[in-house]
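Peer 1: Residue-level listing of the chains:
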Amino acid sequence: MTNGLIDFVLVSVALLAIGIYGLSVKRNAIRMLFGVEMIINSANLNLVAFARFIPNSQGQTLALFSIAIAAAEVAVGLALVIVAYRMYKNIDIEDFRSLKG
Amino acid sequence: MVDAVFLALSVLTIGSAIVALEIRSLIYGSIALMLTLSGVAGFFLLLDAPFVAMFQLSVYVGSIAVLILFTVMLVRRELIFNKIEDKRRRYAGIGLMLALMLGIGMIIIGSGMKSMETNSPSVDYRKIGEDFLTYYSPALVVMALVLAASVVGALTLARREDITNDQRAD
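Chains as they are written, first to last, in the working numbering: chain C, 1 to 101; chain U, 1 to 170.
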């Protein structure tokens, strides 16, 4: 194994920073979901990297659980985007002034 | 030191992550997000975790990216193109991103993580399957319930109430 732990962790930090940038600058609801996806993926990369270098199998198990929960989160998030689009005819979150029924 | 495969994978992952956020059309953005997720799956392969890599490919690239693509196709055409953002917010966001990268990166480089290398054999993936069905089986059941509940919740949220279905016999 030629790559050290620090290389994987640095890639994960870069992915996290890009995700936070997308979440804080973009005002399109679907693009903000892209940012959330990147943050979750950087966390999973960290889990698997540390699990490889300890070495331990529980990190991979936790990463599998995390991927499944992320799938549930995206399904609900996209349903919320669709509902908001039907209400406001827009997916720009500046227009979601009042999110009441 | 890193090898060429690692370098290519990190360029692919980081580059397509930036493209996914910055390209004008959301459809190309979701395809670039697919590339990012595949790149992370490649990292999992490099880390000797083939089971997690295949799970990532099937769940993220197979289902989540396709779900995002279909949602993008449901919204109006002019909405899937980027509007010009506020310049000041954009520069502040780029500054925040660089500060995070440099700050956390410096902390990590300064820590003792640099000398951490391993020669130990990787974990056998049969062990993970065994763990799932023995020690983690209650958590597995709870996770299945959470997934089912989230799918039902998403269906309930996205249901239209103004369309009534009058095809029942009674």
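To be clear, the hints were calculated from the coordinates, so they are not data collected in a lab. One or more hints might be untrue.
As the list claims (entries may be wrong) - Calculated cross-link-like contacts (lysine to any residue; reagent style SDA-like; alpha-carbon spacing at most 20 Å):
id: 1; chain 1: U; residue 1: Lys87; chain 2: C; residue 2: Glu94
id: 2; chain 1: C; residue 1: Lys89; chain 2: U; residue 2: Lys114
id: 3; chain 1: U; residue 1: Lys83; chain 2: U; residue 2: Met73
id: 4; chain 1: U; residue 1: Lys83; chain 2: C; residue 2: Ser24
id: 5; chain 1: U; residue 1: Lys83; chain 2: U; residue 2: Val72
id: 6; chain 1: C; residue 1: Lys89; chain 2: U; residue 2: Phe70
id: 7; chain 1: U; residue 1: Lys83; chain 2: C; residue 2: Ala84
id: 8; chain 1: U; residue 1: Lys114; chain 2: U; residue 2: Ile27
id: 9; chain 1: U; residue 1: Lys83; chain 2: U; residue 2: Arg160
id: 10; chain 1: C; residue 1: Lys89; chain 2: U; residue 2: Asp3
id: 11; chain 1: U; residue 1: Lys87; chain 2: C; residue 2: Lys89
The model shown is predicted, which means the values in this text are computed figures rather than measured ones.
Peer 1: Take the hints in turn and mark each one as holding or not.
Peer 2: Hints, one by one, checked against the model:
Distance restraint check for Lys87/U and Glu94/C: the Cα-Cα separation of roughly 16 Å lies within the 20 Å cut-off, and the hinted pair is therefore satisfied. Between Lys89/C and Lys114/U, the direct Cα distance comes to roughly 51 Å. Violation of the 20 Å bound is thereby established for this hinted pair. With a CA separation close to 18 Å, the supplied pair Lys83/U and Met73/U stays within the 20 Å bound. Between Lys83/U and Ser24/C, the direct Cα distance comes to roughly 15 Å. Compliance with the 20 Å bound is thereby established for this hinted pair.
Under the criterion of a C-alpha separation no larger than 20 Å, the hint pairing Lys83/U with Val72/U is consistent with the structure, at around 16 Å. Of the pairs offered as hints, the one joining Lys89/C and Phe70/U holds, with about 17 Å between alpha carbons and a cut-off of 20 Å not exceeded. Between Lys83/U and Ala84/C the alpha-carbon distance is near 19 Å, which keeps this suggested pair within the 20 Å criterion. Distance check on the hinted pair: Lys114/U and Ile27/U sit about 39 Å apart at the alpha-carbon level, beyond 20 Å; violated.
Proximity of Lys83/U to Arg160/U is assessed by CA-CA distance (about 29 Å); at most 20 Å being required, the pair is judged violated. For the hint pairing Lys89/C with Asp3/U, the CA-to-CA distance comes to about 49 Å; that exceeds 20 Å, so the pair is violated. Simply put, Lys87/U and Lys89/C have alpha-carbon atoms about 25 Å apart, too far for the 20 Å limit, and the pair is violated.
Comparing the model with each numbered hint stated earlier shows that hints 2, 8, 9, 10, 11 do not hold.
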